[in-house]
Structures are given as C-alpha cells and as structure tokens.
Amino acid sequence: MKLTLKIWRQKSNSSKGEFKTYIHDHVSPDMSFLEMLDVLNEGLVKKGEEPVHFDHDCREGICGMCSLYINGRPHGPLQTTTCQLHMRSFKDGETITIEPWRAAAFPVVKDLVVDRSAFDRIQQAGGYVSVNTGGVPDGNAIPIAKKIADEAMDAAACIGCGACVAACKNASAMLFVSAKVSQYALLPQGQPESKERVDKMVAQMDDEGFGACTNTKACEAECPKSIKITNIARMNREYYSSMFTNYEVTVSGGGD
Amino acid sequence: MALTGLFLITFLIIHCTINAMIFLNDGGVTFSHWGHFMGTNPVIRTLEIGLVAGFLIHIFQGLLLIKKNRDSRPVRYQVVAPAPNSTWYSRSMGLLGTLLLLFLIMHTAHFWIPNRANQFATGEELNLYQMMLSIFADPLIVALYVLGCISLAWHLLHGFWSAFQTLGLNHQRYNAIIHFVGTTFAIVVPLIFALMPIAIYLNWVN
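Chains as they are written, first to last, in my numbering: chain G, 1 to 256; chain V, 1 to 206.
Hints were generated in silico from the structure; no laboratory data involved.
Be a bit skeptical, because a hint or two may be false.
[As the list claims (entries may be wrong)] Derived contacts from chain V toward chain G, CB cut-off under 10 Å, selection only: (1) Ala20; (2) Gly54; (3) Tyr77; (4) Ala81; (5) Thr87; (6) Ser90.
[Claimed, not checked] Not close to chain V: a few residues of chain G, all C-beta gaps over 12 Å, as computed: (7) Glu35; (8) Gly48; (9) Gly72; (10) Gln123; (11) Asn132; (12) Val136.
[Stated by the list, open to error] Simulated crosslink set (BS3-like; lysine-lysine; CA at most 30 Å straight-line): (13) G:Lys228 to V:Lys67; (14) G:Lys46 to G:Lys110; (15) G:Lys200 to V:Lys67; (16) G:Lys47 to V:Lys68; (17) G:Lys147 to V:Lys68; (18) V:Lys68 to G:Lys2; (19) G:Lys146 to V:Lys67.
These figures come from a predicted structure and were not determined experimentally.
Using N, Cα and C, we set each Cβ at its ideal position, and we do this for glycine too.
Please construct the entire structure, taking both the sequences and the accompanying hints into account.
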C-alpha cells in the first residue's frame, strides 16, 4: 500500500505547529496504525530527520495511551483504539490526516502527543474510595445485584484515552467523568463519599476548561470501550442530588 | 437550557392548541374567544412575564454555552468527519436556535408587539384573526413562517429528549417513550403551526 500522510508537527507547546506531508510506500494492510507510524519513523531517523512523536504503550487496546485524530475521527474510522486499528481499514493511495486531540484542557506537548493530566487531576479530586474497607471481604459477602455489578464494571472499563473529549464538538469530558463517578455510585463501597465525590470531580472538570455536554452522543459512538451516555445522566442525577442534599462540612481540625 | 427548554415546550402546547382553533373555520369566533382570554386574563398576563423571561434566559444560557464550548477548543481540527457519530441537528442547536430567534423577532413584530402596544395605548385588543388573514396573504411571509416551523422541528427533535438526559432522566424503561413522545411532538406541533399560514394563504380558512 502507498499512502499520503498529512501529519501535525509541532516542536513544543509554545511553538507554532503545521501540517507536513509524507509519502509512505511501505505499508502492509496487516500493520496496525501505530506500526505504520513506526516504519515511517524508522525512515525518518535513517534520513536524519526528527521522528513523529505519538503516545503509545500496551498496544493491546487496554491502556488508553494511544490517541490520534485520524481523518476527522478519534482513533480513526473504527470504534476501537488506534493500536487496534489496522491499515486494511484504509484504501491504497488514500490521504490520511493525523492530528492530535484538540482541547484547551489537553495542550499539545509535541507533534501528536497531548498532555492528558487533566484527567488525572479529575480522578485525584474524588475518583477513589478513602474509607478503610478492611481486609478482602468473602465472596458474595456484599449484597449486590449481578446487573448492577455489571453496570459498574462497564463504567470501570473506561481507559481514560480522551476520545470522548476529542470527538465532542464542545470538547466536553462528561463521558469520562461520568464513567468514573458511576463506577462508585453504583456500588456500596462508593456510597459514603458519593455526594462529595461528584461535587469535587465536576468542579475539577470545569476548572480544567472542558466544554459542556449538549447530548450529541458523539462520545458514545466513538468510545473504544463503549461507555454509554446513561452514565452522563447518572452523573447529572448524582450532581443534582448532591446540590440539594449535600451539607457543607467545615473542617475544625481534631474532630472537635 | 433543559428547564427553560421544557418550559418553552409547555408554552408551545398552549400556543399551538389555541391557534389551531382557526381550523374550525368559523370566521375566527372560537379563536378570538380564546385569544381574548389569553390577552386579558390577569393570571395569564402574569404568566406571560414568566414566558418572556423563559425565552430570554433560554437565549442567554444558549449564548453562554456556545461561548464556553468554543473556548474549550481554541485550536480547531483541520479535518472533521462527525457524520458517523452524531446527527447534524444535534450539533447545530445554536444555528437552529438563531434561526428561531430571527423568526421570533419577525413573528412578535407581526402579532404580539402591535397587539400589546395597542392594549397599553387604548385598552383595546386588535383583531388578530383579521391580521392573520392579511399578513398571510403574502407568499414570502408564508414561506418564512414555514421555514421557521422547519427550524423548530429540528430544534425540538434534539431538544426534547436532550432536556430529559440533562436532567438525568434516562432510564431503560422510559427512554423509548421519551424518544417517541419527543419525535412525535417535534413533527406534529411544527406541522400544525406551518399549516396555519399555508391554510390561510390557500384560502382553506377565511
């Protein structure tokens, strides 16, 4: 296969980026998208040019590290991660435009690499259980319906790749945050801190400069882990419930 | 957006029902009766202030939302292909809303503003039925009204269920009925509205 690649090149966050066109004629349809870029980079290194920087790690579709906005869609034309996308999904002679995720909250680090630590900070704001839960409980000791456990597991499948933000016309992170809120909101272990959690995570999300949800469902359609927008509605419910019933706690220190 | 949107939807139901009285074709007797009630009843007139506020808040919230969402992506994509992941009208609520605002300015300038202005000046109501007959004699106005109704239909097609989703009302058992009612509402109400200028222009109602 022979491809024309239009790739976003940007030296650093502060410098101005631009598209550069590369002709790539050593592409096999069996290559994954990232392997195709590896071969391109090998050629660039041999020529003494700066290779194209892009994020990747496990290459098994489970770590959420790879990104890339390919031909106008996050992770390319299939609903999967970029590492699981193969060149057979493209036509011989096709021109492929590769851009980084675009969002105010995801600044470009270099070329196609963006800084997604905004997601980490949202998670740190409340996406955890801090109560001491003791040792591992016996199997089935915590009463929970199978379908609720499944629903929580589906939400927990989110790998935090940021495709939802990239796909959203508003660069909104609602799908990510709602998945992280849901995985606790559905389970008994998450209940003690549920109101505080949604408050803090939503506040952090707004602080990071993500947009607001207008329910276009683009995130759900592009999410490689099929996270559903029912999570967004659940987070909205949690948020309103917290808004009306959560009480302010003033920390006086020492518990007295 | 969701709360004001649903509030405006309830207004549409009343507006549409009363205006549909022209289809009785009784020379506007029933229509004028209810028009008189809506124009003079003190309770309705008080609610009208809420309605104007509802429109203004909905518009203002919309503008704030567009501003926030634009700011959250300062560098745009070179290539976007959103067609496979979302519908064009769900992505175009701002545009459809702007078209509706333009329509609303024209529409209130035709009926509501002159009528209320006259009520304030003389205490008398204008004959809205006669005004409809004369205004809808112009094919250009009829076409603009139909375009307004088409914008309304697309706006509602996304807006109705979207309001429920924003309020957290998403439930496997009720999603189908919310979507069904929303789609039906988005087709039926604008259709009835669009038929009004058409019927008058074609002399079905006179």
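**Enumerated hints in conflict with the structure, sorted upward** = Result: hints 1, 2, 9, 16, 17, 18 and 19 break, sorted rising.
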